[in-house]
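**Student:** Here is how the chains run, residue by residue.
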Amino acid sequence: MIQKRSRLENTVLYVFLIILAIISITPFYMMVINATHSNVEISQNIWLTPGSSLGDNYRIIQGKVNIWRGFLSSAIISVPSVLLSAFFSAMTAYGFAKFHFKGKEVLFWFILSTMMIPQQLGLIGYYNLMTHLRLIDSFLPLILPAAANAAMVFFVRSYIEASISDSLIEAAIIDGARESYIFLRLILPLAMPSIATMSIFTFINKWNDLITPMVLLNSASKFPMPVVISNIRGLYENNFGAIYLGVAISVTPIIIVVVTFSRSIIKGLTIGAVKG
Amino acid sequence: MTTRIKAAPPGHRRGFFDKRDNKGYLFILPFFLVMLVFQLYPIVYTFALSLTAPLNLFENEFVGLGNYTRLFANEVFLKSIFNTWFIWLMNFIPQIVFALFLAVVLYEWKVAGKDTLRTIYFLPNLVTAASIGVLFAVLLDWQYGTMNHLLMNLGVIKEPIHWLQNKMITRGTVSLIQWWQWFGYTMIIIMAGLSSISDELYEAAFMDGASRIQLFFRITLPLLRPILLYVFITSLIGGMQIFDIPRVLTNGRGAPDNAITTMVLYLYNQAFKNFNIGYAAAVAYTLFFMILFFSALSFRMMSGKTKEKGGLG
Numbered sequence: 001m002i003q004k005r006s007r008l009e010n011t012v013l014y015v016f017l018i019i020l021a022i023i024s025i026t027p028f029y030m031m032v033i034n035a036t037h038s039n040v041e042i043s044q045n046i047w048l049t050p051g052s053s054l055g056d057n058y059r060i061i062q063g064k065v066n067i068w069r070g071f072l073s074s075a076i077i078s079v080p081s082v083l084l085s086a087f088f089s090a091m092t093a094y095g096f097a098k099f100h101f102k103g104k105e106v107l108f109w110f111i112l113s114t115m116m117i118p119q120q121l122g123l124i125g126y127y128n129l130m131t132h133l134r135l136i137d138s139f140l141p142l143i144l145p146a147a148a149n150a151a152m153v154f155f156v157r158s159y160i161e162a163s164i165s166d167s168l169i170e171a172a173i174i175d176g177a178r179e180s181y182i183f184l185r186l187i188l189p190l191a192m193p194s195i196a197t198m199s200i201f202t203f204i205n206k207w208n209d210l211i212t213p214m215v216l217l218n219s220a221s222k223f224p225m226p227v228v229i230s231n232i233r234g235l236y237e238n239n240f241g242a243i244y245l246g247v248a249i250s251v252t253p254i255i256i257v258v259v260t261f262s263r264s265i266i267k268g269l270t271i272g273a274v275k276g
Numbered sequence: 001m002t003t004r005i006k007a008a009p010p011g012h013r014r015g016f017f018d019k020r021d022n023k024g025y026l027f028i029l030p031f032f033l034v035m036l037v038f039q040l041y042p043i044v045y046t047f048a049l050s051l052t053a054p055l056n057l058f059e060n061e062f063v064g065l066g067n068y069t070r071l072f073a074n075e076v077f078l079k080s081i082f083n084t085w086f087i088w089l090m091n092f093i094p095q096i097v098f099a100l101f102l103a104v105v106l107y108e109w110k111v112a113g114k115d116t117l118r119t120i121y122f123l124p125n126l127v128t129a130a131s132i133g134v135l136f137a138v139l140l141d142w143q144y145g146t147m148n149h150l151l152m153n154l155g156v157i158k159e160p161i162h163w164l165q166n167k168m169i170t171r172g173t174v175s176l177i178q179w180w181q182w183f184g185y186t187m188i189i190i191m192a193g194l195s196s197i198s199d200e201l202y203e204a205a206f207m208d209g210a211s212r213i214q215l216f217f218r219i220t221l222p223l224l225r226p227i228l229l230y231v232f233i234t235s236l237i238g239g240m241q242i243f244d245i246p247r248v249l250t251n252g253r254g255a256p257d258n259a260i261t262t263m264v265l266y267l268y269n270q271a272f273k274n275f276n277i278g279y280a281a282a283v284a285y286t287l288f289f290m291i292l293f294f295s296a297l298s299f300r301m302m303s304g305k306t307k308e309k310g311g312l313g
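Listed in order, the protein sequences are those of chains A and F. Everything in the first sequence is counted per our numbering, starting at 1 for the first residue and increasing by one. Everything in the second sequence is counted per our numbering, starting at 1 for the first residue and increasing by one.
FYI, nobody ran anything at the bench for these hints, they're computed from the structure. The C-beta atom is built at its ideal place from N, Cα and C for all residues, glycine as well. It is possible that some hints are incorrect.
In silico EDC-like pairs for lysine to aspartate or glutamate, Cα to Cα no more than 16 Å straight-line [to be verified]:
1) 23/F to 41/A
2) 102/A to 21/F
3) 19/F to 170/A
4) 19/F to 179/A
5) 79/F to 257/F
Output of the computed footprint for chain A on chain F, the stretches with three or more beta carbons under 8 Å from beta carbons of chain A [to be verified]:
6) 73-82
7) 236-247
In silico negatives: residues of chain A with every beta carbon more than 12 Å from chain F [stated by the list, open to error]:
8) 163
9) 192
10) 193
11) 247
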């Protein structure tokens, strides 16, 4: 803006911004540092530099749970969910963006209104349904619902409407292309930027989900990362170094994703907000 | 457009899908099937369950609104409503104040390292809430926790604080963690709102000698109303469903004395620990109607005001 700030104002402002930045990062920093210290060290003082107990803490963790198994379960749930959600959302978005059929508006508003429904509303019914279908303790009920992702349909649809012209599709039809070919070879690649942006969110949401796997899975060997971590305090009662290390391992993939894709993530967030 | 309609091959009766636009139904069909089976059916089924109670080990009986009347006579449930609101408000109010200030500062002023700061503030938002809960539980441990060490080293306190034993402090801790996770997100959303306000308005007001404070209250805030409504409603929907952090922080007990038993934590414990399925389903629907009511109310209040303004200006 146009106004000038005094030196004092400037200093106060920067101090404030930096303190907030420190507050945002410190818990993660302490997590990494404490993961390398022994329990005794942690109980005695506050540490700002790494210690030498990383290996010991790792052995303590692996002694009771295989933390990489939690990783694997998380990946088995998240990756297929992302693919399903990407493919079917793009398909639905294309259907809404480029075809003019009866009832289109109503159906689209219906999808939008489901976005307002709290996620946990149907959880109990879902649990009962899966019990009847004998799908408890299976990964399937955690993956399949991803094929209906309303937010992603909404986002990809507006992208397709804005960036893929009707004449392109008409040209393909005149050339004798089949509908499946048009969708797979034309629409899917062209809509990829929007699909990729939304897929980051699908991945993070699936990876972070705690309540659904807690309800639907029984065997400890199938627990994804958040469930493993939420139980970790009970397992290592007083071994804080090991707990810190477990938490650190669990959040690493998400931190990498967030830092790498922060630009697309921020873009994805803001487009949804400004349109809604 | 008529050119889009493919001519039917000779000797072929014109079917429904020969009209190209009707093929759109095929593209949206899988979505609706999945939504029907995995989302809508469970929601309806949950409602049906909320009207039943177990008769014996294998059968349920219809009890009408019995679960709902039991629910509202239950002290722990009423407490969970209070806790949920308290935790949400104690986090939302400071969150929106910080977010507004930071958004204006980072958007309108020249600040070095803007993009880096934005990413740093936003980072806690997407990190697994369950892990964040465990992290804070150990950081705030009264004996081993880094927080008490820090405060004692700085001389702020003499005795270690039992962060997770006092009711108010425990609730405050949950709000603090929520604030820490969400102020950066809200800031980013508000910045997007700011980018849609035209500079000319500010320049005109500035020419007329308006101060920075006046600009904020007379121009920025009123024009941000739609985005603030969005933030309010999404935060309300999310905040009413808070589960991960209270659950992890106290190993699911909601202790001390159910101080951080939120509505969804209560729902989870009733359904999957005590197996009161029908009763827990009633909790789910009470939560839903509460969210619906307050979203609609805030929508009416906020958009009503916008219209009034629009009429005047």
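**Student:** Starting from residue 23/F, check that the Cα of residue 41/A is at most 16 Å away, please.
**Tutor:** violated, 67 Å
**Student:** Under the criterion that the straight-line Cα-Cα distance not exceed 16 Å, is the pair residue 79/F, residue 257/F satisfied?
**Tutor:** holds, 10 Å
**Student:** Against chain A, does the stretch 73-82 of chain F show at least 3 residues with beta-carbon separation below 8 Å?
**Tutor:** violated (count 0)
**Student:** Run the distance test for residue 19/F versus residue 179/A: straight-line Cα separation, threshold 16 Å.
**Tutor:** holds, 12 Å
**Student:** Any Cβ of chain F at or closer than 12 Å to residue 247/A, or is the non-interface label fine?
**Tutor:** Its Cβ does come within 12 Å of chain F, the nearest being 5 Å, so this is violated.
**Student:** Against the 16 Å threshold, does the CA-CA distance of residue 102/A and residue 21/F hold or violate the hint?
**Tutor:** holds, 9 Å
**Student:** Would the hint linking residue 19/F and residue 170/A be met if the CA-CA limit is 16 Å?
**Tutor:** Given pair residue 19/F, residue 170/A holds - Cα atoms ~14 Å apart, limit 16 Å.
**Student:** Is the nearest CB of chain F more than 12 Å from the CB of residue 193/A?
**Tutor:** holds, 18 Å
**Student:** Does residue 192/A sit more than 12 Å from chain F, CB to CB?
**Tutor:** Since the minimum Cβ distance to chain F is about 17 Å, residue 192/A lies beyond 12 Å and the statement holds.
**Student:** When I compare C-beta atoms, does the stretch 236-247 of chain F have three or more residues closer than 8 Å to chain A?
**Tutor:** Holds, because 6 residues of the stretch 236-247 of chain F bring their Cβ atoms closer than 8 Å to Cβ atoms of chain A.
**Student:** If we take the beta carbon of residue 163/A, is the closest beta carbon in chain F still more than 12 Å away?
**Tutor:** Holds: least Cβ distance 18 Å, greater than 12 Å.
Hint check: violations occur at hints 1, 6, 11; the rest are consistent with the structure.
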